[in-house]
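Peer 1: The lines below spell out each chain.
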Amino acid sequence: MVPIIQVKDLTYTYQNSKVPALQNVSLTIEPGQWIAIVGHNGSGKSTLAQMLNGLIAPQSGEVYIDGELLTEESVWAIRRKIGIVFQSPDNQFVGATVADDVAFGMENNGVPRAEMIPRVQAALAQVGMTAYADHEPARLSGGQKQRVALAGVLAQRPQVIILDEATSMLDPQGRHDVVSLMTSLRKTGQFTIISITHDIDEAALADQVILMDNGKVITSGTPAEIFAQGEMLQQHGLTVPLSEKVRQGLLQAGVKVADHYLDEEQLVKNLWTLHSNK
Amino acid sequence: MNKLIFGRYYPGNSFVHRLDPRLKLILNILFIVLIFFAQHWPSYVILGAVVVVSVWASGIYLSFFLRGLRPMLWLILFTVGLQLFFTSGQHVYWQWGWLSLSREGLINAGYIAARFLLIIFMSTLLTLTTQPLEIADGLEYLISPLRVIKFPVNEVALMLSIALRFVPKLMDETTKIMNAQRARGVDFNNGSLLKRAKALLPLLIPLMMSSIDIASDLTTAMISRGYRDGEGRTRYRILKWQMRDSWVLGAFVVISTGMLVLERMM
Amino acid sequence: MDITFKQVDYTYQADSPMATLGLRDINLHFKSGTYNAIIGQTGSGKSTLLQHLNALLIPTKGEVVIGQQVVTPQTKNKELYDLRRKVGLVFQFPESQLFEETVLKDVAFAPKNFGKSVAEADEIARRALRLVGIAPELEDKMPFDLSGGQMRRVAIAGVLAMEPEVLVLDEPTAGLDPVGREEMMTLFAKIQSERNLTVILVTHQMDDVVRYAEQVVVMEQGRVLKTGQPQEIFADIPWLHQHNLELPSTGRLVQQLQQQGFQFSQVPLTVPELLAQLTPQLKQVVTYE
Chain A
1 MVPIIQVKDL TYTYQNSKVP ALQNVSLTIE PGQWIAIVGH NGSGKSTLAQ MLNGLIAPQS
61 GEVYIDGELL TEESVWAIRR KIGIVFQSPD NQFVGATVAD DVAFGMENNG VPRAEMIPRV
121 QAALAQVGMT AYADHEPARL SGGQKQRVAL AGVLAQRPQV IILDEATSML DPQGRHDVVS
181 LMTSLRKTGQ FTIISITHDI DEAALADQVI LMDNGKVITS GTPAEIFAQG EMLQQHGLTV
241 PLSEKVRQGL LQAGVKVADH YLDEEQLVKN LWTLHSNK
Chain B
1 MNKLIFGRYY PGNSFVHRLD PRLKLILNIL FIVLIFFAQH WPSYVILGAV VVVSVWASGI
61 YLSFFLRGLR PMLWLILFTV GLQLFFTSGQ HVYWQWGWLS LSREGLINAG YIAARFLLII
121 FMSTLLTLTT QPLEIADGLE YLISPLRVIK FPVNEVALML SIALRFVPKL MDETTKIMNA
181 QRARGVDFNN GSLLKRAKAL LPLLIPLMMS SIDIASDLTT AMISRGYRDG EGRTRYRILK
241 WQMRDSWVLG AFVVISTGML VLERMM
Chain C
1 MDITFKQVDY TYQADSPMAT LGLRDINLHF KSGTYNAIIG QTGSGKSTLL QHLNALLIPT
61 KGEVVIGQQV VTPQTKNKEL YDLRRKVGLV FQFPESQLFE ETVLKDVAFA PKNFGKSVAE
121 ADEIARRALR LVGIAPELED KMPFDLSGGQ MRRVAIAGVL AMEPEVLVLD EPTAGLDPVG
181 REEMMTLFAK IQSERNLTVI LVTHQMDDVV RYAEQVVVME QGRVLKTGQP QEIFADIPWL
241 HQHNLELPST GRLVQQLQQQ GFQFSQVPLT VPELLAQLTP QLKQVVTYE
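Chains as they are written, first to last, in full-length UniProt numbering: chain A, 1 to 278; chain B, 1 to 266; chain C, 1 to 289.
To be clear, the hints were calculated from the coordinates, so they are not data collected in a lab. Heads up, some of the hints might be wrong.
[Stated by the list, open to error] FRET-style restraints, in silico, Cβ to Cβ:
#1 Ser88/B - Lys76/C: 45 to 55 Å
#2 Asp201/A - Thr42/C: 13 to 23 Å
#3 Ala224/A - Ile237/C: 24 to 34 Å
#4 Gln255/C - Glu231/B: 49 to 59 Å
#5 Glu214/C - Trp76/A: 49 to 59 Å
#6 Thr273/A - Thr42/C: 34 to 44 Å
[Said to hold, decoys possible] Beyond 10 Å from chain B on every Cβ pair, some chain C residues (computed):
#7 Thr42
#8 Asn54
#9 Leu138
#10 Asn196
Here a beta-carbon is modelled for each residue, glycine too, at the ideal position from N, C-alpha and C.
I would like the entire structure built from these sequences, with the hints used as guidance.
Peer 2: Structure follows, in structure tokens:
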């Protein structure tokens, strides 16, 4: 199988900066996976995301999308394969109304109007925003705007969906809505999802977690593998999932809890076997 | 500021609301041209009737139109005053130095006032019944022949629509920054003119910075979604010319021809 | 400084394009020197309430008593000048209010507005900057050249430089990463105890509420739904669900544990509390020395 994303030795330093934002980053991502790239603010994870669709050109290294090398010639075709939902709900809303915004990408790619109409409708239905088609962005909540942004991405039928801290400015309700949408998109199996986040609960949903700091990939693995290394997460500016905090606490208190990472459900089961009154 | 930009569109579904924005734009221009052909009072009666009927058909209260008049009031009074006192004529009613009140002056002033009122009512009707976005769409269509001289019609139209889209956002931002600076002891409402002008700096600089942020985020998002330039783009939003638009245009042509004929006869 | 709301109503003018929910019949008391949290869904009236705390908004009915000052619908803007100095308000994303050429000047802006000389203001600004952990080397930099997290600190220093008696914080950690969030909250707790400030925090982060607040105010649709200590507010999980309120992060796990059969005399709201109640219910490993 051709990896959907392959980057080799990416290095990049911003103009006014002395420290590189990315240093020799190499990654391979298989299609259909949900990848979480985690790291604190300024760890280089957003720079990496913007490199995947050529918004930033690497100073050295190569990006392959679906087997194709990203170059000045291929960049527009590649942008069609990658949809990005950005952090700020407001500043990526181009259209004057919800439907207009969803259509924006298709307009750019010259999709005929007759084809656009059903695609806009389908995308809005997919994110549950059909009732808002004619609304102006000023009247939507942050979470709703992000769902519209996601609809705009879906309408373009991309292979990869990148969520670049798309939930970080939302309230709990908005975050919950966007995360459950991501979960349902994963189930369709049509997309590779890359979520760039510092929310550890969001990362827990991924198939693979890539931890970044100082522009480098520190480690990668399944959430269970990564989360079991609580100390390392903290060292790199992240929190430890609650179930892991509790497990560590119990270990220290002398309880013979499992010696590896457990999610909340597994932890409860494991603890029940240790229940003293049983 | 709110009154100038918002409060302008009056949501509704009247006959006038549903007319094609292109038609409304064209009629506004034609109406203004027509006004300058009107030299006699019967023409003003006809034009006045057109305005009255249009306002009635829009289903909007007269008070909204009067509100539109308010910012222009001083300009109107000034111009009318000029006409009133500086027109020389034979029938002088009153004179003081080089100020004189003549019959011709009165008539001229009356015509000027009528022209102002007609134009303001008609353009207010356009903005009250047409969403800013529709106006932008209409304008884009009307300037599209300029493409021949390489005028970037699509880009300008997109710029206009994005600008409109971000007006409410910038308004919010303005309120927010004003509040933040008031909480830091800035007084936007009191003090000398100089003091108030200085108080604008803590508002304008953050506003500028945030506009730059918005612009840069927006550019990134647009490029990611495949925006290059106007070439090869298709359009989702289109304008549809309806039967009623043709009827209204026809009626207007008939009325204006009638008025022009009447003018020739007098 | 005590703050009391007595039967306060606030209605946004009908023709305002910003018209959202106002406030209805608010009765509240924030005791001097305490740490308070206001929670509620977006649009529940939290921000409107906040703006009454330093009279950026004036009630349309009722009165707000802030220290000695009584604010009623008749109060004139001029009378509020002194009040604004005593109540520091940190808005959401406060870094967007920075405007001066240098960090130091920006922080000194408020004290200068409130009548301090340039030298005094600079001195106060330096102290405020040290308090939020901005190094002296950064004082002469353009605020816009700093990192996002640093800009936020400078903006907060700009409010602290007013030397307020009440500190009002509107989601001060929004958009920060976990470590930044932690540092920020620790900072506020430190300032509160050092300066004996009254703190009023608006947040969606229930873990912070549980950890720091002495009194919690729950708002819904412009009204106060409930006030109480965190323990009272967060004990009733079905009630929280019913009003679409978040639980502290321990909440979900506690629920699962309860369903499984574990017993808790009091709903544990933090990890240490949870551990304290959980450990006795589990078999200990016998360690041989």
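Peer 1: None of the hints should be skipped; say for each whether it holds.
Peer 2: Hints, verified against the model:
no.: 1; hint: Ser88/B - Lys76/C: 45 to 55 Å; verdict: 52 Å, holds
no.: 2; hint: Asp201/A - Thr42/C: 13 to 23 Å; verdict: 20 Å, holds
no.: 3; hint: Ala224/A - Ile237/C: 24 to 34 Å; verdict: 28 Å, holds
no.: 4; hint: Gln255/C - Glu231/B: 49 to 59 Å; verdict: 57 Å, holds
no.: 5; hint: Glu214/C - Trp76/A: 49 to 59 Å; verdict: 57 Å, holds
no.: 6; hint: Thr273/A - Thr42/C: 34 to 44 Å; verdict: 42 Å, holds
no.: 7; hint: Thr42; verdict: 14 Å, holds
no.: 8; hint: Asn54; verdict: 6 Å, violated
no.: 9; hint: Leu138; verdict: 18 Å, holds
no.: 10; hint: Asn196; verdict: 21 Å, holds
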